[in-house]
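*Asks:* Sequence:
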Amino acid sequence: NASNPLHLKTHNLSLLDQFRHHMYFPVALYYPINQDINLTSPTDIHRMISKRLQLLKQSLSETLARFHQFAGKLNDDNLSVDCKDKGIYFVESRVDSPLNEFLNQPDLFLINKLLRSEAGIRVAKIQVTTFECSGLIITFKNWAATACKNTEAAICPNNDVSYLFPQNNDATRRFVFDAKAIATLKAKATSSWVQNPTRAEAAPAVLCKSIIAAFKAKSSSLKPTLLTHLVNLRRKARPPLSEYSMGKIVWMANALCTDDEPELDSLVCLLREAIKKIDGDFMKSLQGDGGFLNFCEAMKDEIEACVIAANRIKYNSGCNFGFYDTDFGWGKPIWVSGFCLDGTVTKFSNMAILWIPDWGMGLMDGFSC
Numbered sequence: 044n045a046s047n048p049l050h051l052k053t054h055n056l057s058l059l060d061q062f063r064h065h066m067y068f069p070v071a072l073y074y075p076i077n078q079d080i081n082l083t084s085p086t087d088i089h090r091m092i093s094k095r096l097q098l099l100k101q102s103l104s105e106t107l108a109r110f111h112q113f114a115g116k117l118n119d120d121n122l123s124v125d126c127k128d129k130g131i132y133f134v135e136s137r138v139d140s141p142l143n144e145f146l147n148q149p150d151l152f153l154i155n156k157l158l159r160s161e162a163g164i165r166v167a168k169i170q171v172t173t174f175e176c177s178g179l180i181i182t183f184k185n186w187a188a189t190a191c192k193n194t195e196a197a198i199c200p201n202n203d204v205s206y207l208f209p210q211n212n213d214a215t216r217r218f219v220f221d222a223k224a225i226a227t228l229k230a231k232a233t234s235s236w237v238q239n240p241t242r243a244e245a246a247p248a249v250l251c252k253s254i255i256a257a258f259k260a261k262s263s264s265l266k267p268t269l270l271t272h273l274v275n276l277r278r279k280a281r282p283p284l285s286e287y288s289m290g291k292i293v294w295m296a297n298a299l300c301t302d303d304e305p306e307l308d309s310l311v312c313l314l315r316e317a318i319k320k321i322d323g324d325f326m327k328s329l330q331g332d333g334g335f336l337n338f339c340e341a342m343k344d345e346i347e348a349c350v351i352a353a354n355r356i357k358y359n360s361g362c363n364f365g366f367y368d369t370d371f372g373w374g375k376p377i378w379v380s381g382f383c384l385d386g387t388v389t390k391f392s393n394m395a396i397l398w399i400p401d402w403g404m405g406l407m408d409g410f411s412c
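Under our numbering, the first residue of the sequence shown is numbered 44, with each subsequent residue one higher.
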């Protein structure tokens, strides 16, 4: 990591980060060997992998000169990050099997071992895992731009967020929705008051419906369920914040479902209305002199909703985050996974994560735990 100027030695966390500092969001990107590369021996493969690892390390060092906060550690006060050139946590590992065999039927427990998410004070951790014929990278977008020497794409971070917002035994399952299944779900979720439901609405609705049915099977009495969707606040601001704004600029949109046998259209409607409330006016209310009081009031509303609800279902969409566009110079990833872990600091229960793989139009990858 290049040395940072004196005024960049400490990064103050925004109010949003102070309340979410314990949350890690690990993401794994899977890359095969380019089909047009002629590798005739294990020695050639090893040489190619070594070359790519060296490129990753060099480009990471250059990237951290701009994103120096990622090489920092959370201070004891949990209010700021120490960026005094300690370097980022980087580890290499190996899996003794081909990547294509792993992706045919991904081992969800092994995926957890590929994600660096142990409890700690580091802002970011990176692990590069090489398979017999390929590698896995946990990373962020600007690093890839630097690796490709794309100076136009290699932007600098936006650090204004801290000024805008001043200071169980779970099982994970994977579900793949093809185009036909998504079309069927969208049709079932359509009604007179729900027009044109998207796949990012219909898929979580059916997962929520199934989880609510499981809740009911455990208890015969009617118990409200709180549906929570993670909303990216960058797009909600007026004007929108830069996509490179640093920090966990997110909010929980909550909808209380009191029906123990909800229909898909009613669930889509509930989720739409909850997300609709997280708009530019809401963003503005969290800023300025009264921002902290409004923040506390919003947190109070969320806590009260959690008290009323007997159960909670959390879901998030990894769609449209650009992970499938991350190119380090040898092509884009063929699969992306992450978030749902077991036995780590990022412990999610009753949570659904949605991805749209780059396998063709209409596909959606869903994880539920």
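Hints listed in this document are in silico derivations from the structure and should not be mistaken for laboratory results.
This one's a predicted model, so the numbers in the text were calculated from it and none came from an experiment.
There's no promise every hint is true.
As the list claims (entries may be wrong) - In the EDC-like style, the derived pairs of lysine to aspartate or glutamate whose C-alpha atoms are separated by at most 20 angstroms in a straight line are: (1) Lys357 to Glu316; (2) Lys327 to Glu306; (3) Lys52 to Asp119; (4) Lys156 to Glu144; (5) Lys259 to Glu306; (6) Lys320 to Asp308; (7) Lys291 to Glu345; (8) Lys266 to Asp344; (9) Lys94 to Glu175; (10) Lys252 to Glu340; (11) Lys252 to Glu286; (12) Lys127 to Glu175; (13) Lys266 to Glu306; (14) Lys94 to Glu135; (15) Lys279 to Asp221; (16) Lys357 to Asp324; (17) Lys231 to Glu306; (18) Lys327 to Glu340; (19) Lys94 to Asp370; (20) Lys223 to Asp303; (21) Lys319 to Asp344; (22) Lys52 to Glu135; (23) Lys327 to Asp344.
As the list claims (entries may be wrong) - Label-pair restraints from in silico Cβ distances: (24) Ser140 to Val350: 20 to 28 angstroms; (25) Met342 to Glu175: 46 to 54 angstroms; (26) Lys320 to Arg217: 30 to 38 angstroms; (27) Ile164 to Asn239: 39 to 47 angstroms.
For glycine and all other residues, C-beta sits at the position ideal for the given N, C-alpha and C.
*Asks:* Evaluate each hint against the coordinates.
*Replies:* How the hints compare with the structure:
1. In summary, the hint linking Lys357 to Glu316 is supported, as the alpha carbons are separated by about 16 angstroms, within the 20 angstroms threshold.
2. Between the alpha carbons of Lys327 and Glu306 the distance comes to roughly 34 angstroms, so the proposed pair goes past 20 angstroms and is violated.
3. For the hint linking Lys52 to Asp119, the alpha-carbon distance of about 15 angstroms falls within 20 angstroms, and the restraint holds.
4. Distance check on the hinted pair: Lys156 and Glu144 sit about 17 angstroms apart at the alpha-carbon level, within 20 angstroms; holds.
5. Between Lys259 and Glu306 the alpha-carbon distance is near 15 angstroms, which keeps this suggested pair within the 20 angstroms criterion.
6. Proximity of Lys320 to Asp308 is assessed by CA-CA distance (about 19 angstroms); at most 20 angstroms being required, the pair is judged to hold.
7. Between the alpha carbons of Lys291 and Glu345 the distance comes to roughly 18 angstroms, so the proposed pair stays at or under 20 angstroms and holds.
8. Straight-line distance between C-alpha atoms of Lys266 and Asp344 comes to about 19 angstroms, which keeps the hinted pair within the 20 angstroms bound.
9. Using a Cα cut-off of 20 angstroms, the hinted pair Lys94 and Glu175 holds, with the two alpha carbons roughly 15 angstroms apart.
10. Restraint check: the Cα-Cα separation between Lys252 and Glu340 comes to about 30 angstroms, which exceeds 20 angstroms; the hinted pair is violated.
11. Taking the CA atoms of Lys252 and Glu286, the gap is near 32 angstroms; set against the 20 angstroms cutoff, the hint is violated.
12. Taking the CA atoms of Lys127 and Glu175, the gap is about 37 angstroms. The hint is violated against a cut of 20 angstroms.
13. For the suggested pair Lys266 and Glu306, the alpha carbons sit about 16 angstroms apart, so the restraint of at most 20 angstroms is met.
14. Taking the CA atoms of Lys94 and Glu135, the gap is about 14 angstroms. The hint holds against a cut of 20 angstroms.
15. With a C-alpha separation of about 30 angstroms, the suggested pair Lys279 and Asp221 falls outside the 20 angstroms cut-off, and the hint is violated.
16. In summary, the hint linking Lys357 to Asp324 is not supported, as the alpha carbons are separated by about 24 angstroms, beyond the 20 angstroms threshold.
17. Taken as a hint, the Lys231 and Glu306 pair is honoured in the structure, with Cα atoms around 9 angstroms apart against an allowance of 20 angstroms.
18. About 14 angstroms separates the Cα atoms of Lys327 and Glu340, which keeps this hinted pair within 20 angstroms; it holds.
19. Taking the CA atoms of Lys94 and Asp370, the gap is about 16 angstroms. The hint holds against a cut of 20 angstroms.
20. Straight-line distance between C-alpha atoms of Lys223 and Asp303 comes to about 27 angstroms, which puts the hinted pair past the 20 angstroms bound.
21. With a C-alpha separation of about 16 angstroms, the suggested pair Lys319 and Asp344 falls inside the 20 angstroms cut-off, and the hint holds.
22. At roughly 28 angstroms between alpha-carbon atoms, Lys52 and Glu135 are farther apart than 20 angstroms, so this suggested pair is violated.
23. Under the criterion of a C-alpha separation no larger than 20 angstroms, the hint pairing Lys327 with Asp344 is consistent with the structure, at around 18 angstroms.
24. At about 47 angstroms, the beta-carbon gap between Ser140 and Val350 misses the expected band of 20 to 28 angstroms.
25. Checked against the hint of 46 to 54 angstroms, the C-beta distance between Met342 and Glu175 comes to roughly 48 angstroms, which is consistent with it.
26. Lys320 and Arg217 have their C-beta atoms about 31 angstroms apart, which keeps the hinted 30 to 38 angstroms range intact.
27. Range check, Ile164 to Asn239: about 45 angstroms between beta-carbon atoms, so the 39 to 47 angstroms window is met.
Hint violations for this structure: numbers 2, 10, 11, 12, 15, 16, 20, 22 and 24, all remaining hints satisfied.
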